[in-house]
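S.K.: Heads up: the sequence lines are chains A and B, in that order. Positions 1 to 583 (this note's numbering) are the ones given, in order, by the first sequence. Positions 1 to 316 (this note's numbering) are the ones given, in order, by the second sequence.
No lab work stands behind these hints, which were simulated from the structure alone. Each residue gets a CB set at the ideal place from its N, CA and C atoms; glycine is no exception. Where hints are given, some of them may not hold.
[To be verified] Examples of chain B residues lying across from chain A (beta carbon under 8 Å, computed):
1. I57
2. I128
3. V290
[Unchecked claim] Calculated Cβ distances over 10 Å to all of chain B for the following chain A residues:
4. R101
5. G136
6. L245
7. V289
8. M391
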Amino acid sequence: MKGILAAALLLASAPLYADYTPFYLGLLTEVLVFGLFALAYDVLLGHAGVLSLGHSAFLGVAAYTTGLMLARFRAPLEVSVLAGAIGGLLTALILGVLVLRKRGVYLAMLTLALSQVFYYVVLMWTPVTGGTDGLGNLPVLYLSEPLGWRLSKRPVTRYYVLVAVVFAAILTIQHLLDSPLGRAMRAVKANETRAAACGYDTRRVKLVAFAISGAFSGLAGALLTIVLEFVPIENIHWSMSGSVLIMTLFGGTGTLLGPFVGAGVFIWMRDFLSKHLEYWEVFVGGAFVLIVLFLPDGIVGSLHRLLGRRRAAPATTPDEPLPEPARAQPARAGDVEGDTPLLESRGLTKSFGGLTAVNGVDFRVRRGELRAVIGPNGAGKTTFFNLLTGMLAPSAGRIVFKGRDITNLPAHVVSRLGLARSYQVTNIFGDLSVFENVRIAAQSRVTHYRCWGGADRLVTVNERAEEIVALLGLAAKRQARGAELSHGEQRYLEIGIALATDPDFLLLDEPTAGMSPEETRRTAAFVRTLAGRVTIVLVEHDMEVVMGISDRITVLDYGQVLAEGTPAEIRDNADVRRVYLRD
Amino acid sequence: MRERGVRPEEAAEPADLTLFGYPLEIWYTQLFIGLVNGCILILVALGLSIVFGLMGIINFAHGIFYMLGAYAGWLTVQLTGSFWLALLTAPLAVGLVGVLVERGVLRRIYGTRNANFAGVLVTYGLAIMIPDLVRMTFGRPGKPFAVPESLSGSLFRLGALDVHGYRMFILLVTALLLPSLWLLLNRTNLGLVIRAGTSDNLMVQLLGIDVARTWTITYALGAGLAALGGVITAPLVAVAPEMGGLVLIECFIVIVVGGMGSFLGAVAGGLIIGEALALTGMLYDVLADVVIYLAMALVLLVRPRGLFGQEGMSEE
Numbered sequence: 001m002k003g004i005l006a007a008a009l010l011l012a013s014a015p016l017y018a019d020y021t022p023f024y025l026g027l028l029t030e031v032l033v034f035g036l037f038a039l040a041y042d043v044l045l046g047h048a049g050v051l052s053l054g055h056s057a058f059l060g061v062a063a064y065t066t067g068l069m070l071a072r073f074r075a076p077l078e079v080s081v082l083a084g085a086i087g088g089l090l091t092a093l094i095l096g097v098l099v100l101r102k103r104g105v106y107l108a109m110l111t112l113a114l115s116q117v118f119y120y121v122v123l124m125w126t127p128v129t130g131g132t133d134g135l136g137n138l139p140v141l142y143l144s145e146p147l148g149w150r151l152s153k154r155p156v157t158r159y160y161v162l163v164a165v166v167f168a169a170i171l172t173i174q175h176l177l178d179s180p181l182g183r184a185m186r187a188v189k190a191n192e193t194r195a196a197a198c199g200y201d202t203r204r205v206k207l208v209a210f211a212i213s214g215a216f217s218g219l220a221g222a223l224l225t226i227v228l229e230f231v232p233i234e235n236i237h238w239s240m241s242g243s244v245l246i247m248t249l250f251g252g253t254g255t256l257l258g259p260f261v262g263a264g265v266f267i268w269m270r271d272f273l274s275k276h277l278e279y280w281e282v283f284v285g286g287a288f289v290l291i292v293l294f295l296p297d298g299i300v301g302s303l304h305r306l307l308g309r310r311r312a313a314p315a316t317t318p319d320e321p322l323p324e325p326a327r328a329q330p331a332r333a334g335d336v337e338g339d340t341p342l343l344e345s346r347g348l349t350k351s352f353g354g355l356t357a358v359n360g361v362d363f364r365v366r367r368g369e370l371r372a373v374i375g376p377n378g379a380g381k382t383t384f385f386n387l388l389t390g391m392l393a394p395s396a397g398r399i400v401f402k403g404r405d406i407t408n409l410p411a412h413v414v415s416r417l418g419l420a421r422s423y424q425v426t427n428i429f430g431d432l433s434v435f436e437n438v439r440i441a442a443q444s445r446v447t448h449y450r451c452w453g454g455a456d457r458l459v460t461v462n463e464r465a466e467e468i469v470a471l472l473g474l475a476a477k478r479q480a481r482g483a484e485l486s487h488g489e490q491r492y493l494e495i496g497i498a499l500a501t502d503p504d505f506l507l508l509d510e511p512t513a514g515m516s517p518e519e520t521r522r523t524a525a526f527v528r529t530l531a532g533r534v535t536i537v538l539v540e541h542d543m544e545v546v547m548g549i550s551d552r553i554t555v556l557d558y559g560q561v562l563a564e565g566t567p568a569e570i571r572d573n574a575d576v577r578r579v580y581l582r583d
Numbered sequence: 001m002r003e004r005g006v007r008p009e010e011a012a013e014p015a016d017l018t019l020f021g022y023p024l025e026i027w028y029t030q031l032f033i034g035l036v037n038g039c040i041l042i043l044v045a046l047g048l049s050i051v052f053g054l055m056g057i058i059n060f061a062h063g064i065f066y067m068l069g070a071y072a073g074w075l076t077v078q079l080t081g082s083f084w085l086a087l088l089t090a091p092l093a094v095g096l097v098g099v100l101v102e103r104g105v106l107r108r109i110y111g112t113r114n115a116n117f118a119g120v121l122v123t124y125g126l127a128i129m130i131p132d133l134v135r136m137t138f139g140r141p142g143k144p145f146a147v148p149e150s151l152s153g154s155l156f157r158l159g160a161l162d163v164h165g166y167r168m169f170i171l172l173v174t175a176l177l178l179p180s181l182w183l184l185l186n187r188t189n190l191g192l193v194i195r196a197g198t199s200d201n202l203m204v205q206l207l208g209i210d211v212a213r214t215w216t217i218t219y220a221l222g223a224g225l226a227a228l229g230g231v232i233t234a235p236l237v238a239v240a241p242e243m244g245g246l247v248l249i250e251c252f253i254v255i256v257v258g259g260m261g262s263f264l265g266a267v268a269g270g271l272i273i274g275e276a277l278a279l280t281g282m283l284y285d286v287l288a289d290v291v292i293y294l295a296m297a298l299v300l301l302v303r304p305r306g307l308f309g310q311e312g313m314s315e316e
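Based on the sequences and whatever the hints tell you, model everything.
M.R.: So, in structure tokens, the structure goes:
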């Protein structure tokens, strides 16, 4: 916040400095507008983890919309700019709906291809858009009454108006990024699968990110029309998408300042290099490759890291032994017994080509139970979990949870119904802090898309997260990144994320995998303390743990239920001994 | 960029049979042109698809390899006068460039965080940089590239259809190359490693196979295919530094329509897009540039994995 104020002051006073000429002021204006464009772009890349190469469409459609509103319909300036921003938003929504059917680099390829359509429309619709000549003949630009300022040929007035608009936009974007929605975007970027398992509809979160990015790219396009008083066709050409990508990565993604620094560097290169070097794109392209290879955090990001490292150096925490988890709360009254099963599967089957991993499994768990599922490697335990939680669609059979058929529901819906899981292979938000890992999961209970108010001000969510971090014994490391934790701590966090969604039903996939005997003992005790609060199904290989804490045990073999019963019954079951215990 | 069509007024004589106002012979000619365009697209798109399949990288430098292929061919013809030699030198020279790019640039990003994104970004950077390098070396204007004399002119007439010798040659090259490529990918050890690596890279490494070398070879193979596409297209268009951009996007569309990672998909997608370009060029010129994008959007909505794509193949 202080940095933004300082930057605002600096920019506000820029025209007062000695040696200013309208030319430099014009450049500075352009840097601001392109910086806004790059910031809008980074909302998608740096905060939602979506690589787009189609932003020329958002900027271009907006620039032409604003231009046409002014030139053809003689609309007021403010209305035209707003129409431009809306044009960018709608374009982003159309593109987003189509490309979000894919992910990753495939999505990037689609954005580039689809953005071409808008270019060709402008190219072919020459009578309206001016084709390759661009759209000119804009009227003299005035702000509406009561201000009524004239902007055309008045660089200083125009400059101040643009500084005001761009800063309002920056503050709005910052507010959005701090909101619960902004946090959900970061979670999707950090780990999309886990975000879905926490109840976030990841495709919709990304679509909203597209819309926000499109709207502000549109605003930048509209402002660009005001600055240039002309709409060149380059605004909508695919090289514009490349330019904004270069600006963003030069400056550093994930920061507020980076895109503006990047825009400055890029425009400097464009104006000054191209004056002296005919083939300046060799240098832009080359510099870009070098930045990607050797400075992936960009200029601002790398500076941040350098300064941050120096500051953080003395605060290294000593290696402590894994703490004993605190006592969980006692069971909720009335929860323990019930006749109808909380979760039930009937004839559940999953085939992968010729292999049937899960074969006609009938499975019932009552509320309050602690059930273990055991079986040799490859018995289909993890596939079974993936089916129950909506990560995989079954080939046949039904799943009923709380009396509701949840077969074929997507993972985020299953999670919202109160069915949470942990993963056999640690699957946390590695880039987020320990606290945020838990907080984002807890937030899912309250809101998914709310875009106002700081996420840190959700009091109940914070309390819930604090409680769970304390329960995990990770309070001392609450600010550490998830990826920096030890293996045992990550396994605890793994359970903590699942718990934070406040589930009625918890599926734990080998919680003690890779743990030392001591850690295993603690984890088993911990799971037992949870058992009073939530219904638990546990996949586990450690027989001591299984026999020691579970109420009932289900044995899977070759995807089928081999036996089910109390630990004592299973221990004495001849089939189980033969297949599983191997004696 | 590519030949799009013949206008009705250019038709030699009014014929008796017409379809949508165009004589049938023009239809045949356009279908034939579409077929030839499709063949070129298949070759170039296959290169892109193979590289993506194995390495998970969308190679934005692929259009550059196509353009460099055309230039390498042009240079060979300038120096030796032999088009046939150019057919050989262009894929080899550009394949070598591919090796350099893979070893010098891409190798640095494997295993880093977001390696797939970084792969897109660095190849995108190369796609910005190299056309200017080519302009620096060969000048801005395009270079004319003559159809080799033995193939120029009409080969024979098939009914009303005038079969252009050079186009027939392109068909022939594709017809020979596609089965060989299929055999290479499906019946050789290299192909086995490529296909295995496509589904589980780590596992292939654990089996003790030198994946690094396979990646280099694959990348070079992709580059060589693009270059071959470039050099055989060159006589139909002028050689220019900008020629890679459009073909790259057309290849994207071919792959989306056909299905990423599918050999059959690339073939089907190439033919569909080639014909779509040629026919809309004739029927409704205004739509010619847009129709293939609309086709892609339709496929995305109705069948996101493409006509022949496997589920989950193209997700990340």
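S.K.: Classify the label on G136/A as holds or violated, using whether its beta-carbon is more than 10 Å from each beta-carbon of chain B.
M.R.: The claim holds: G136/A sits with its nearest Cβ about 23 Å from chain B, beyond 10 Å.
S.K.: How about I128/B: closest beta carbon in chain A under 8 Å, or not?
M.R.: 4 Å, holds
S.K.: Since R101/A was said not to touch the interface, does its Cβ keep a gap of more than 10 Å from each Cβ of chain B?
M.R.: 4 Å, violated
S.K.: Take a quick look at L245/A and tell me if its Cβ sits farther than 10 Å from every Cβ on chain B, holds or violated.
M.R.: 7 Å, violated
S.K.: Can we trust that V289/A is non-interface, i.e. its beta-carbon lies farther than 10 Å from all of chain B?
M.R.: The claim breaks: V289/A does not keep its Cβ more than 10 Å from every Cβ of chain B (closest is about 4 Å).
S.K.: Double-check V290/B for me: the hint is only fine if its C-beta lies closer than 8 Å to a C-beta in chain A.
M.R.: Status holds, d = 5 Å.
S.K.: Minimum Cβ distance from I57/B to chain A below 8 Å?
M.R.: Status holds, d = 7 Å.
S.K.: Please confirm whether M391/A is truly not at the interface, meaning its C-beta sits more than 10 Å away from all C-beta atoms of chain B.
M.R.: Correct as stated: the minimum Cβ-Cβ distance to chain B is 12 Å, above 10 Å.
Going down the numbered hints, you'll see the structure goes against 4, 6 and 7, while the others check out.
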